[in-house]
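Asks: Taken in sequence, the protein lines are chains A and B. Sequential numbering from 1 applies to the first sequence in full-length UniProt numbering. Sequential numbering from 1 applies to the second sequence in full-length UniProt numbering.
Bear in mind the hints are in silico, worked out from the structure with no lab data behind them. Incorrect hints may have been included.
[To be verified] Using 27 Å as the maximum straight-line C-alpha spacing, the simulated BS3-like pairs for lysine-lysine come out as follows:
1. B:Lys66 - A:Lys28
2. B:Lys376 - B:Lys417
3. A:Lys37 - B:Lys66
4. B:Lys380 - A:Lys37
5. A:Lys28 - B:Lys165
6. B:Lys66 - B:Lys165
7. A:Lys37 - B:Lys220
8. A:Lys37 - B:Lys165
9. B:Lys220 - B:Lys165
These numbers come from a predicted model, not from an experiment.
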Amino acid sequence: MKLKKILSAGVISVLLSQLSACSSLGVKPWERDVLAKDEMALNSAPLDNRLDDHIYFSKEGSSGGRSFAGGGCGCN
Amino acid sequence: MQLKQLANISAALAAASCALLGQQAQAGTVLDDWQFNSAILLYNETDRVSAGEAILTARGDFGDDKFLNLGLVVDALTGASATGAVAQPYVQSFTRPSGRGSYDVAPGVIPLDDTFHDTRVQLDASWEQSLAPNWRVSGGGHLSKEYDYLSMGLNGSLARDFNQKNTTVSLGLGYSHDTISPEGGIAAPFAPMLLRPDFADDNSYQAAFDTTRDRADDTKDTLDVLFGLTQVINRDWLMQFNYSLSMADGYMTDPFKLVSVVNANGEVQQNLYENRPDQRTKHSLYWQNKLHVRGSYLDASYRYMWDDWELTSHTADVKWRLPMGDSWYVEPQFRYYQQSAAEFYQPFMLQAEPLPQYVSADYRIGKMNTYTVGAKFGTKLAQGNELSFRIALYQQTPENDGITAPGVLAEVELYEKVTAVMAQLSYSF
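Make a model of the complete structure from these sequences and hints.
Replies: Set out below in structure tokens:
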């Protein structure tokens with residue numbers, strides 16, 4: 001189990017380093033028309049995400065990932 | 001009863017939001033540099049918890065890439081919550097966690113404490129600005145108060161853009177200090193739930209009850225660290241990877257949850273208050289994709305989480321926004337979640353076996369899968385305002401993790417599905 005976790009972390013680290021090192025990724029500043037749209041923002045619906053995170057934090061054994069896992073409520 | 005409670009919550013939230021929205025008209029041009037988002041959510045589980053939550057956030061643009069974010073959240077919960085005790089083929093009596101009053105549970109029914117209600121108010125604020133070319137920094141805090149719970153926290157983040165802003169690396173830190181003061185105090189680990197009829201008078205009951213209580217309140221400190229990498233793949237594809245670490249130290253037992261102790265025939269001999277470890281370290285890997293596909297927008301994410309309670313989980317979340325005409329869109333949403341049980345989770349304890357160091361029968365840390373299926377409908381209004389409505393069905397399916405139920409427990413439901421409906425109205429202006 002531990003080995004599996006280390007392996008998956010390793011594979012992901014390699015993938016990440018490949019992504020950041022690869023110069024063909026990305027766009028020129030004048031090609032950002034679509035990326036600049038609100039719909040393409042990573043957190044395009046912040047209140048939806050906030051409400052969802054609160055529900056799942058109080059109903060499931062996991063939390064966080066997108067942002068901090070902290071919580072801040074004694075939810076039942 | 002449920003409907004009435006829900007209606008009361010709806011009315012209160014509607015009144016609150018009208019008051020908030022009403023201020024916009026008076027504010028006029030003074031608030032031109034501010035963007036407001038508001039939402040009301042109603043959450044209703046069949047025969048269990050009902051909740052209403054209202055949020056208002058404001059984002060002020062102070063020029064030079066400087067922003068102030070303010071947030072106000074009010075939520076109210078009411079209804080019945082599973083106690084952790086098992087169903088029995090006969091009527092069971094329970095004492096409320098406060099020690100005052102009792103309730104009966106019908107044969108074959110999973111015990112729920114129906115006095116559960118709370119109102120919470122949260123305030124948060126953060127400031128963000130650029131620090132130098134390609135560097136951004138933010139700092140903020142939150143304060144959340146409910147009847148028996150107080151949470152205060154600080155957070156900060158630093159982000160650096162590389163490669164013509166196609167790559168962003170970020171580091172976030174968060175710290176929160178929570179205090180819990182449950183009504184009736186905090187039960188000692190494995191303290192028995194006492195029943196008033198077992199005592200001759202109120203005084204002897206109260207004296208015995210007091211010996212089951214350790215202290216009035218307790219605290220929990222949480223430190224969160226988040227490493228993020230955002231990468232533009234091409235003109236239509238943006239990707240994010242996060243690794244987050246959350247270290248909690250303090251009281252993480254649920255002061256209202258019980259574990260039933262049963263004999264060889266599955267009959268409850270006693271209900272004890274649960275006891276969880278006072279440390280938990282969680283890790284998660286989160287991978288999100290935003291894709292533009294022929295005029296539609298796909299948001300697909302996956303999270304893998306693991307912790308030292310031996311709870312692991314997989315979460316897949318997909319939202320697909322499809323434009324309908326010039327100003328409308330519809331967004332189908334689907335989420336699937338699967339978790340393994342924490343190592344100390346047990347649906348019940350056997351009388352013949354020694355007490356473990358930790359135990360909880362809270363199904364929320366047991367083996368479970370859940371799914372959410374829903375849709376959001378939105379429209380863009382004049383001046384960039386947006387109105388949307390979201391409805392979703394959420395179902396939790398707790399599962400047996402290979403435990404054999406003895407005697408009468410084989411005839412009752414130990415792992416009951418929970419179904420909830422969520423409805424949300426949002427307005428941005």
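Asks: Next step is simple, just say for each hint if it's right about the structure.
Replies: Tested hints:
1. B:Lys66 - A:Lys28: Given pair Lys66 of chain B, Lys28 of chain A holds - Cα atoms ~25 Å apart, limit 27 Å.
2. B:Lys376 - B:Lys417: It holds: about 25 Å lies between the C-alpha atoms, which stays within 27 Å.
3. A:Lys37 - B:Lys66: holds (20 Å)
4. B:Lys380 - A:Lys37: holds (14 Å)
5. A:Lys28 - B:Lys165: holds (9 Å)
6. B:Lys66 - B:Lys165: holds (18 Å)
7. A:Lys37 - B:Lys220: The given pair, whose Cα atoms are some 40 Å apart, is violated under the 27 Å limit.
8. A:Lys37 - B:Lys165: Holds, at roughly 16 Å.
9. B:Lys220 - B:Lys165: violated (39 Å)
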